[in-house]
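**Q** This is what each chain is made of:
Number of protein chains: 2
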Amino acid sequence: MLAEIPDLTTHLGYWLRQVSNHVSHSFARKLEAKDVTVAEWAVMRVLYDHPPTPPSRLAERMGLTRGAVTKLADRLIGKGLVARRASADDGRAQTLELTAKGNGFVPELAVLADRNEAECFAPMPDEDRKALERILKETVARLGIAAVLME
Amino acid sequence: MLAEIPDLTTHLGYWLRQVSNHVSHSFARKLEAKDVTVAEWAVMRVLYDHPPTPPSRLAERMGLTRGAVTKLADRLIGKGLVARRASADDGRAQTLELTAKGNGFVPELAVLADRNEAECFAPMPDEDRKALERILKETVARLGIAAVLME
DNA sequence: CTCTCTCTGTTGACTAGGAAACAAAACGGA
DNA sequence: TCCGTTTTGTTTCCTAGTCAACAGAGAGAG
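Going down the list, the sequences are from chains A and B.
Numbers in my numbering are just positions in the first sequence, counted from 1, shifted up by 802.
Numbers in my numbering are just positions in the second sequence, counted from 1, shifted up by 802.
Treat the hints with caution; some may be incorrect.
All copies of an identical chain are treated as equivalent in the list; a pair is satisfied when it fits inside any one copy or across any two copies.
Claimed, not checked - Listed below are the simulated SDA-like cross-link pairs for lysine to any residue, each with C-alpha atoms no more than 25 Å apart in a straight line: (1) 836 <-> 826; (2) 939 <-> 919; (3) 873 <-> 810; (4) 939 <-> 830; (5) 881 <-> 910; (6) 932 <-> 815; (7) 939 <-> 827; (8) 881 <-> 862; (9) 881 <-> 806; (10) 932 <-> 807; (11) 832 <-> 806; (12) 832 <-> 812; (13) 881 <-> 859; (14) 903 <-> 814; (15) 881 <-> 857; (16) 903 <-> 889; (17) 832 <-> 811; (18) 836 <-> 808; (19) 832 <-> 809; (20) 903 <-> 840; (21) 873 <-> 855; (22) 832 <-> 851.
Because the hints were derived from the structure by calculation, they are not lab data.
Using the sequences provided together with the hints, build the complete structure.
**A** Here's what the structure looks like:
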């Protein structure tokens, strides 16, 4: 005796995830060619704009735990893209910043981000693109979503 | 010397992920109260509509590897929600199906799915809701995204 | 000053999933 | 018929996170 249950595909959340997953996955594949993960890209992107950033701030900004940022930073340092620097005034604190190598790498990766965006959304009619952007931004505002880079 | 790099928030993919993550996360929290993960829910949802389903089919349908489905099935069997049954005609094959307990559980979880959908999108103007649905579905079609339940 | 509380980053145990090697069973062409 | 190929589910190892316990450093009330 089966109760009537609405089809999953009647949910907007379903379609949203289909598209969002595809976009993220497609970007991840592009980054893979440069041996960078999406999370690593996000860190580099923040550090590019805000050169010396403490890990704790990065964690908030990206919606990750501090533990995750520690490991992420370890990886990026291992690749020579990021440097740790101890804070002068606070014995606990550190800051992270891009190395010269890392700094030069970011624009190269940004090209991939733009290309991905273009591939996924360019064929869309321009007015749809604008509507989608408006609706998504309003939804973020309405739901009170704290801007987060990852997850 | 910093090259000019477009802000991340100019990308539709960014906003899409914000919303999609929020919706999924919000749903996961609701399921948590019932001690079920989103992946487990997705399995149960498929089995509810297609009672005896082989793991391999489930893997395709959900965009997971067969290995992942094995573990997922193990967990669900451990919770007494799913049963494995060996195929009569093919010595390799099995099918998975909901137990009575699992079957009774699904409608209860479906309520949470509906509630989540409502909470996330109900406050949205109805014409926006329709536009969003149309645009997302067209995007799925345009990008040739294979319908997948998870990821 | 000192004792406690808070904040920093790190670590270890755990989770969910992917990739690939695997064993057993079925298939299929010579 | 029989041997190589394919298919099915499992297993092992790896990655990338979480969570919670932790140690060391600062801050503030007394």
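**Q** Please name the hints from earlier in the document that this structure breaks, with their numbers sorted from lowest to highest.
**A** Number 14 only.
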